[in-house]
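S.K.: Residues per chain are reported as follows:
Protein chains: 4
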Amino acid sequence: MWVAAPTANWSACAVETPEQTLAAARMARAAGASLLRGGAFKPRTSPYAFQGLGEVGLKILADVREETGLPIVTEVIDQRDVELVTTYADMLQVGTRNMQNFPLLQAVGAAGKPVMLKRGMSATIEEWLMAAEYIAQRGNLDIVLCERGIRTFENATRNTLDISAVPVAQRLSHLPVIVDPSHSGGRRDLVLPLSRAAIAVGADGIIVDVHPHPESALCEGPQALIDADLRELASVAQHLSPLVGRTLTPAPATAHA
Amino acid sequence: MWVAAPTANWSACAVETPEQTLAAARMARAAGASLLRGGAFKPRTSPYAFQGLGEVGLKILADVREETGLPIVTEVIDQRDVELVTTYADMLQVGTRNMQNFPLLQAVGAAGKPVMLKRGMSATIEEWLMAAEYIAQRGNLDIVLCERGIRTFENATRNTLDISAVPVAQRLSHLPVIVDPSHSGGRRDLVLPLSRAAIAVGADGIIVDVHPHPESALCEGPQALIDADLRELASVAQHLSPLVGRTLTPAPATAHA
Amino acid sequence: MWVAAPTANWSACAVETPEQTLAAARMARAAGASLLRGGAFKPRTSPYAFQGLGEVGLKILADVREETGLPIVTEVIDQRDVELVTTYADMLQVGTRNMQNFPLLQAVGAAGKPVMLKRGMSATIEEWLMAAEYIAQRGNLDIVLCERGIRTFENATRNTLDISAVPVAQRLSHLPVIVDPSHSGGRRDLVLPLSRAAIAVGADGIIVDVHPHPESALCEGPQALIDADLRELASVAQHLSPLVGRTLTPAPATAHA
Amino acid sequence: MWVAAPTANWSACAVETPEQTLAAARMARAAGASLLRGGAFKPRTSPYAFQGLGEVGLKILADVREETGLPIVTEVIDQRDVELVTTYADMLQVGTRNMQNFPLLQAVGAAGKPVMLKRGMSATIEEWLMAAEYIAQRGNLDIVLCERGIRTFENATRNTLDISAVPVAQRLSHLPVIVDPSHSGGRRDLVLPLSRAAIAVGADGIIVDVHPHPESALCEGPQALIDADLRELASVAQHLSPLVGRTLTPAPATAHA
Chain A
1 MWVAAPTANW
11 SACAVETPEQ
21 TLAAARMARA
31 AGASLLRGGA
41 FKPRTSPYAF
51 QGLGEVGLKI
61 LADVREETGL
71 PIVTEVIDQR
81 DVELVTTYAD
91 MLQVGTRNMQ
101 NFPLLQAVGA
111 AGKPVMLKRG
121 MSATIEEWLM
131 AAEYIAQRGN
141 LDIVLCERGI
151 RTFENATRNT
161 LDISAVPVAQ
171 RLSHLPVIVD
181 PSHSGGRRDL
191 VLPLSRAAIA
201 VGADGIIVDV
211 HPHPESALCE
221 GPQALIDADL
231 RELASVAQHL
241 SPLVGRTLTP
251 APATAHA
Chain B
1 MWVAAPTANW
11 SACAVETPEQ
21 TLAAARMARA
31 AGASLLRGGA
41 FKPRTSPYAF
51 QGLGEVGLKI
61 LADVREETGL
71 PIVTEVIDQR
81 DVELVTTYAD
91 MLQVGTRNMQ
101 NFPLLQAVGA
111 AGKPVMLKRG
121 MSATIEEWLM
131 AAEYIAQRGN
141 LDIVLCERGI
151 RTFENATRNT
161 LDISAVPVAQ
171 RLSHLPVIVD
181 PSHSGGRRDL
191 VLPLSRAAIA
201 VGADGIIVDV
211 HPHPESALCE
221 GPQALIDADL
231 RELASVAQHL
241 SPLVGRTLTP
251 APATAHA
Chain C
1 MWVAAPTANW
11 SACAVETPEQ
21 TLAAARMARA
31 AGASLLRGGA
41 FKPRTSPYAF
51 QGLGEVGLKI
61 LADVREETGL
71 PIVTEVIDQR
81 DVELVTTYAD
91 MLQVGTRNMQ
101 NFPLLQAVGA
111 AGKPVMLKRG
121 MSATIEEWLM
131 AAEYIAQRGN
141 LDIVLCERGI
151 RTFENATRNT
161 LDISAVPVAQ
171 RLSHLPVIVD
181 PSHSGGRRDL
191 VLPLSRAAIA
201 VGADGIIVDV
211 HPHPESALCE
221 GPQALIDADL
231 RELASVAQHL
241 SPLVGRTLTP
251 APATAHA
Chain D
1 MWVAAPTANW
11 SACAVETPEQ
21 TLAAARMARA
31 AGASLLRGGA
41 FKPRTSPYAF
51 QGLGEVGLKI
61 LADVREETGL
71 PIVTEVIDQR
81 DVELVTTYAD
91 MLQVGTRNMQ
101 NFPLLQAVGA
111 AGKPVMLKRG
121 MSATIEEWLM
131 AAEYIAQRGN
141 LDIVLCERGI
151 RTFENATRNT
161 LDISAVPVAQ
171 RLSHLPVIVD
181 PSHSGGRRDL
191 VLPLSRAAIA
201 VGADGIIVDV
211 HPHPESALCE
221 GPQALIDADL
231 RELASVAQHL
241 SPLVGRTLTP
251 APATAHA
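Residue numbers (the working numbering), protein chains in the order written: chain A, 1 to 257; chain B, 1 to 257; chain C, 1 to 257; chain D, 1 to 257.
Read the hints as simulated data drawn from the structure, not as lab findings.
Treat the hints with care, as some may be off.
Computed cross-link-like contacts, SDA-like style, restricted to lysine to any residue with a CA-CA straight-line distance of at most 25 Å [what the hints assert, rightly or not]:
| # | chain 1 | residue 1 | chain 2 | residue 2 |
| --- | --- | --- | --- | --- |
| 1 | B | Lys113 | A | Lys59 |
| 2 | A | Lys113 | B | Lys113 |
| 3 | A | Lys113 | A | Ala156 |
| 4 | B | Lys113 | A | Pro103 |
| 5 | D | Lys113 | C | Ser46 |
Sample of chain C residues facing chain B (criterion: CB under 10 Å; computed from the structure) [stated by the list, open to error]:
| # | residue |
| --- | --- |
| 6 | Gln20 |
| 7 | Leu22 |
| 8 | Arg26 |
| 9 | Thr124 |
| 10 | Thr160 |
| 11 | Asp189 |
| 12 | Val236 |
Glycine is no exception: its CB is placed at the ideal position from the N, C-alpha and C atoms.
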């Protein structure tokens, strides 16, 4: 099971074009990632911001999986899209703004695919576990919790990574807990140190934004890793994992990569 | 327009039985309320808590409107219910956990009824206005913002009423802003002072929980006002409103009340 | 006792020159203020910011009291200055950064003058009352609590005025609680609405920054009221106070004003 | 310089008796700690809580240093005690509640001993660095910053360890930054994972509470490590440090240990 180890699960934030997505996936694959996250539906604070490519994006992701062998995780923000997304994705993501969107939780709980549940940006750990319960109640116990930073007064970082939430949630629930250092910090220069902290604290995985050309990304560019960063991260993960009793999951075998 | 004045909009938190709802509505009506909020669908942190009566609850609300003449506001938490709820309610409420549930915002935006948008419990004022923009974008400009307390470190109150948000949001948007002192404080003894503060700061309305027998309420009992509190609140609202240049909207005429 | 009523206690933030201080005091006096706060020692985040005039400032304040009859409140930030400040001031202020400076609390507790204790910017109400206990323990029960906003994620205002803290602290302690709408909001346009909210919630006083020429103030200019604002505030206070069962304390008689 | 490496700097929270302090120091010494922190003056929220032994405590610490060779760090909370504390301690600690006690910062800045400056529990990183500037301005550049958790809405932990603050403060200031996992988490079971995270993120040291018999400690018992924990932590630190390019500083040689 991919989440049983501090695997590094690199992700392109948004699916923009087939070329950019494939390039990001190859970067991730080369660095040993076990899954690829790509956003086809993007929840945005403003209705005027880039909202994602929708089904076109899902198809790009499926093609990229075909090319690289990397299973894909993608966010679903509308319960009416659960069926559609399920036909393409290997894992469904529920985002931070939807952590207490109870009908959506129930819909993904019934979809028969693993679910990654991001913590609400001001949700307590207890509320987060209760949200997971909405999924589990529909018979789906294949849930991965993702700590992605909480909202505090500090504004040197986009959010405050609550690193303590990892062991706390692990003890209360036995669900795997992964960490998203890209969205919590919001700064590329923090991704590597926060990834090290996540692995060392005992996280069951990390998920980071990558982009072949961050300077031209449609969103999240400032926090995306480039190829060299990614190789360094892979090397760090390789060395740190055994110290916390983990072995890196080898990436799944693929036909073409 | 009811929201043009610091009207007191009393609400029974959850619709439990026809008798309890009618009794609460009569309390509200007698005290001069201009709308009645009742919850038929309740978003609850735990999947095991009372989730509301659903359509049965909506029918009770409609009957109570028939009896008392009070228009009804009710929360919708699932976009698939928007059509159903719209056939019963005079105004739709989007709750704090759904403030960034974008498909739901779009659905209520298209429903052709006024919308009350509660502030997310850790949403900035800017994000709140952006959420309203999702509704407005569908052609519905009849939006009322409701400040209901934000999440902070202080735990003497359930949430921290951000009283400053009222004038700030009014200046940035020209939308009416009402205040929910019951959910922000979470304590009955704070409802009256916080209601006074809300009216004095210039809020366009207040919405408070009432219950004929709070000690036996299925939820929110500890913060619900009883009849005597409500009469005092009505009297306070009557006297304070003119000092901030408002006149209380008279409750709509009704056949039976 | 001046704090027994929602008196408006206007303050010039920092004492800059005798002329500016006297002008501000006359504005305050004309508007009915009962005390004047002026800062001779300013606690500043940066060691390179204007730190106040020290004893020169205290002398200016004493002269201004002589001219206007307004008693003066001034902050003490160093326990070695308590004796000096006590010889000039009618009331000592402990600022938000020093709320848990326990030796300072004990020193002002022993000084024999009333103390205004500002709430720490992230102190719970319980910690605030415990801080007051450090003063009371030295035999000084003449303590006024001042709510001045807490630190939250919201940045539309400098701090978030915790209006609920007023009734909560009043119930737990029986000490008078006043509100500082200038420092909590940090914006001139919020001072009047927040002052109305403070009086209506039942505060025992308000304290606002005034400046004859805010555009040239050495600090806090953006939030200082000018003369016209102050007259409006005085009028509002006059009308609102009776509605919450208070009467405005008449300003103390003076020889020269 | 001890702070140049992720050394584990174990500390007994409060000095209670010579026997308890010596036992704790021996535990720390055996585990490779390079300094011992002991509290002789304890800042406590309530004036009725145990306030520390004062100079008696300082003498105990000096005796324990004599026995074990471990240099001592101790908190000073009153600027009048700086001279006294300086005669006993090798390093002065300014605690979280005093981070903006400017006269105290200036006094320790002039004392000629290294200073450990704990972050205020709701201080931004920028304010923390500005506080350090007050010390530096007096000519003392030997300052160690200590991240000890910030105040947020989450209450599963006593404070929220802001792990990102370590690399952020290191980049902005070049001062060493250490982490206190005991006070941030407030739970013994979190000390080890948070220590690993701190070392991995690149902290220049960690400081943890130890107690030979935590169940009978006068304060902070629930978070203090016992001997077995400490040995495990020492082993972890030994293995993790090289992965982030650090080597553990050997403990200073001593006559008796």
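S.K.: Now look at each hint and say whether the structure bears it out.
M.R.: Evaluation of the provided hints:
1. With a C-alpha separation of about 37 Å, the suggested pair Lys113 of chain B and Lys59 of chain A falls outside the 25 Å cut-off, and the hint is violated.
2. For the proposed pair Lys113 of chain A and Lys113 of chain B, the alpha carbon gap of about 37 Å is over 25 Å, so the pair is violated.
3. Taken as a hint, the Lys113 of chain A and Ala156 of chain A pair is broken in the structure, with Cα atoms around 37 Å apart against an allowance of 25 Å.
4. Pair hint Lys113 of chain B plus Pro103 of chain A holds up; C-alpha atoms about 22 Å apart against a cutoff of 25 Å.
5. As the CA atoms of Lys113 of chain D and Ser46 of chain C are separated by approximately 22 Å, the hinted pair is consistent with the 25 Å bound.
6. Checking Gln20 of chain C against chain B by beta carbon gives a least distance of about 28 Å; that is not within 10 Å, so the hint is violated.
7. The beta carbon of Leu22 of chain C is not positioned within 10 Å of any beta carbon in chain B (closest approach about 32 Å), and the interface hint is therefore violated.
8. Violation of the interface hint for Arg26 of chain C is found here, the shortest Cβ-Cβ separation to chain B being roughly 27 Å, above the 10 Å cut-off.
9. A hinted interface residue such as Thr124 of chain C counts as satisfied when its beta carbon comes closer than 10 Å to some beta carbon of chain B; here the least separation is about 6 Å, so the hint holds.
10. At a threshold of 10 Å, the smallest CB-CB gap from Thr160 of chain C to chain B is about 5 Å, leaving the interface hint in force.
11. Interface hint status for Asp189 of chain C: upheld, as the beta-carbon distance to the closest one in chain B is roughly 7 Å, under 10 Å.
12. Look at Val236 of chain C: its Cβ gets to within about 7 Å of chain B, closer than 10 Å, so that hint holds up.
When held up to the earlier numbered hints, the structure conflicts with 1, 2, 3, 6, 7, 8 and fits the remainder.
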